[in-house]
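S.K.: Each chain, written out:
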Amino acid sequence: MADTLTTTSGFSRASLPAPTGQPAFVTALRERALEAFEALPVPSPETEEWRYTDLTGFELDFQPFAEGGGPEAVNRHGLLAAAGVSGERAGLQIQRNSEVISTQLGATATEPGVILSDLDEAASKHPDLVERYLHSLVPADRSRFTALHAAFRTGGTFVYVPKDVRLELPLQTLTYLDADGAAVFPHTVLVAEEGAEVTFIDRFASPDLDRALSNAIIEIHAGPNSKVRYVCLQEWGHGVTHLSVQRAHVDRDAEVRTLVVTLGASLSRSEAETVLEGDRGTSEMLGMYFGDGDQHFDHRSIQDHIGNETASDLLYKGALRDSSRAVYTGTVIIEKDAHRVDAYQTNRNVLLSDRAKADSVPNLEILTNDPVRCGHAASVGPVDENALFYLQSRGIPHAEAERLIVYGFFREVLDRIALAEVREGLERAIEAELEG
Amino acid sequence: MSENTTLEIRDLHVSVEGREILRGVNLTVRQGEVHALMGPNGSGKSTLAGVIMGRPGYVITGGDVLLDGESILRLTPDKRARLGLFLAFQYPVEVPGVSVVNFLRSAYNAVKNTDGDDENRMPALAFRKLMKEKMAMVGVDDDMVRRYVNQGFSGGEKKRMETLQLAVLEPAIAILDETDSGLDIDALKAVAAGINQLSGPNLGLLLITHYQRILDYVTPDHVHVLMGGRIVRSGGPDLARELEAKGYEGLRAELGIEAEGDEAEPERATT
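So the sequences go chain by chain: A and B. Position 65 of the first sequence, counting from 1, maps to 64 under numbering that gives the first Met the number 0, and the rest follow consecutively. Position 2 of the second sequence, counting from 1, maps to 1 under numbering that gives the first Met the number 0, and the rest follow consecutively.
One chain only, chain B, in its complex shape (with noise of 0.2 Å):
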């Protein structure tokens, strides 16, 4: 890893089941810098965030991902992991039988060792000592990581179990992905403090969000509206407040765009 990686998404075409929905998106998110992309249901947005990491079951028809100047799109998910890249999931899967404390454990060997040599994998009991840190620094307890990933987890514990993956694997530019939905207060203060304290001059944050309230707590350099399948506008802190005071409706009146499938509104989506 460079000491300063970039991740780069260059004029990105991307269809699903034939239909576009990244319409030539532009962004570059370099390490220690704090990104948040804006945009309403149905604008691309989680789009955007499977095709870096390589979710399947995308086609893309134009454009690029790059890593340090390096196109990642041909490669798999857990070598984009190991260059680097990590997303927090909207919806975070339920992995039945097979505990946090081992799938962390076979994750940071991945993610750390990358040589792949069984030798160099930390020791059960060093690994042990370091999710207790990280543990402490996102307020995750004992018995959660005890748990089989993500099974009986309530809508706050999964989003905290994302904070300690992103926490322990130390990743150098992480995509959260709505990480803020489905949160009452409580959580979202709680998942926003560990995002704080992991945030500095060695993480990237892109930060994917429908509302503009988790910004309240973690404060972008950036913001970035998708709409449309395209970043129709970037600004700094102050857009977001902007946008939530006028809504998308307002911006979108503004820059003449027309809405269309799932991004219209419901009322106008019976049209």
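If we strip away everything but chain A, and leave its shape as in the complex, we get (with noise of 0.2 Å):
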């Protein structure tokens, strides 16, 4: 119906990319990708999924493809104080645009199978194993959206962490867009193995642009009793539309933490997905977001708890000035043989302006007859008025009361963030956020 009125001239079979060493699985899957996005809908105000972000008039005009200008690119652009790279890494990868430029493992890293690189060029070297893992939790043919990025990306993260191997310092990507009307596809595939441990940081980053897609698939594989940390910044200058799909498969005995935080882009829909298949799995899902202008943030939910005596814990927390929007959708599942689960998911929104808007849609969706220890909470509200008057009454003016009363309502993520140089780095953008 509404896909006369999409624009895709840019995307067509001449213009798939074919990396030079593409094993003949990525072709196909490419291929296949391809008749996916052609056959499937928009997606559709009308289901309970796109209800919060109509894309129906949203026109696919985007360039497939922006040169990321090689490794001297990385000096230049403002490309490394952009990365955010406060302290000590393991590894970081910088892709500018479409492209790759840099990949460095440290001297911390070194022990044999650890790997940080190019996605292509991962599948190239090591075909089997990026063909276990790409696509297997966010398959192409997930939306037309996921279609799109399976058929057109390049570049990409690939990181894997063999057993038992410990990575004390986190590894980095860094995706820099400045070219405008460009579509990017940024993807991270992170494997920790049995008994590895390894906390990964993808950060997204670009100046103010007339209009950027940023197309971006996360698939997260936690081995047995491995521990994986993974935190997305996503701070898209104006003008990005940022869709994202990021879901972890937790084995047994693991725990994965995840953070989301948006901050920028125009339009940014975050879906982050945690299954807990294995026994005694853990999961943490925090998330945080600060709207501004006319921002829109969209952000999704869903713990799935398959496994016994799993748990999951989920917060989200935002504020939104000006006119922005924001809507969370959060979705517990206890599966029909999950046992002994406990499972809490809270989200919270405070707003700076009369004008700004939120939605929080908790769901639960309890498949067991066993008790489970489930619990949820959601709340839209302005500044707590007590709170203000207390602070003012000790001297304390009306903007800077406020200032302290919303930093304190992020206090509550920040004191849970294990990195300190993410932590503080929030806390900056925090402040310039308050500061407006």
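Think of the hints as simulated: they come from the structure by calculation, not from any bench. Think of the CB as a built atom: it goes at the ideal place given N, C-alpha and C, for glycine as much as any other residue. Careful, some of the hints might be misleading.
What the hints assert, rightly or not - Far from chain B, some chain A residues (derived; all Cβ distances over 12 Å):
#1 A27
#2 L78
#3 E167
#4 P223
#5 C373
Unchecked claim - Rough simulated footprint, nothing fancy, chain A against chain B, three-plus residues with beta-carbon under 8 Å:
#6 43 to 57
#7 69 to 81
#8 85 to 92
#9 106 to 112
Assembly of the complex is requested from the two constituent chains, each provided in isolation within its own frame, with the hints serving as guidance.
M.R.: Written out as structure tokens, the structure is:
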């Protein structure tokens, strides 16, 4: 129906990427994905899933590929500043536009078998490994947008941490976009084998642009007894539309902690999902967002409990200024044969202007008859008037009182971020947002 | 701030949701004086405290509140605080995620550095030293000031924290709204000791209380009784003891005042 409105001319069979050394399975994947893209409808706001984000009139007239400019581009364009690297790294990869332009794995990550690589390069060098994981959690035909991603993705990050290897320092990829009118397809495949430990930071940054698309997929595989921390910092400039699907698979006794930070883009839709399949797996899902201007944020989450004694805890908090808009939709699923499950979900929104709007939609799907400990809480409202009066009665002017309260509101999330540099970076970001 | 700051409440009439709560209150508190304002529940004590500090939600239908002769009713609460007013809350508010130290430093700089120049803000180290002194004075430990403002505090801790704020901000006139309520005898003694440490020629105190018991530890110069939105009697410290002996009912009967609304005793309120 709405397909006719959507220009997709740039995304044709002729423009399918074919990086050197591309293994046959990737070529086949791209072709299947292109067919799925052409066959799948534009998501309709009539469906529950897309109720709050209407992309029926969204033109896909983007450039499918924009050059990265090679390794020398790293030192230009303020890329390193944008990478926000304030601490030590086990490894850093930089993608500019559609191409990875630099990958460095540091001296602390020299254990045999650790991989931090351009996803295309990894597919060519380790085809069996990449084939096992690429699009295994987020299938190409999940939606028209994931299909577009699977067909036209270039660059991306492949992280592999072998059995029992523990990386103390974080790995990071910066995806930097400065090609107006381009579509980029960031993709992170993060694999932690049994007993492995890894922290990975995905950072998305750009200057303000007229129009660009970031269509991202993150697939996290946490092997038995592994510990994975994943941080997504979305700081795109204005003009960018960001659509992202993140899905983590948690094996037995594994622990996955994810943090989704949404500060940038004009429209940002982030789906974050954790599937707790193995027994005793645990998941923490944190989220923070701060909207201003006319930003539109659509956050969705799924906590899917399959294994016994699995536990998940989700906390998303957001503040909205000006006429920004946020919706959070969270679903907790307790599958039929899951026993002794703990699942918590909390979403809180503070509105800093009369024109700002937020919705919070929690859902529980309990399919087991077993007693579960399951709780959810949601709130949307202005800054607490009693707290404002209390602070003002101590001489603190209204604007500063509001800043203190909102900053304090985010503390609950900040206090749970183990990585000091990420926490401190976010403190600065919140301060900057509050200064307006 | 002048040498001898004066808070003057002049024929103050205040309504809340269309109902008149204060019906012509007159009261003057000077720096260095200790006043106790006593009254039964619903007599308008907390309304008076709120109006003086600028709590939203009140409609002032008549009269005025002046500080050194200037009306403060149009000023925001923070401006009133910077002029030397302080309100210790009956129910101190939790401020999640804001540590007591940061809160107090912001408040201190706002109150003491009224020109708003960042350069004149007190350095963190110097502020710590000042805090230490004041904490010792009112009996607050390190652990408490690292916590978030009033979050998870016991009733006694909340009241001690209010006293600490009073000590740090050094106002000219402080209103303590039912600072004694909900405290056991040890907590009450601790809070009273803090107040006594702080009282002196530089502090005017208006102690709002239902019961006489805090006045066993803090001796007022003047005692006022608020009933039905008016001060019905003023006197010296003896008045508190007299009231303790005969009760609000006794005084009401003596003065020939009808109890009404929330102020009525429970058994009468049903009629």
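S.K.: Any of the earlier hints contradicted here, and which numbers?
M.R.: Result: no hint breaks.
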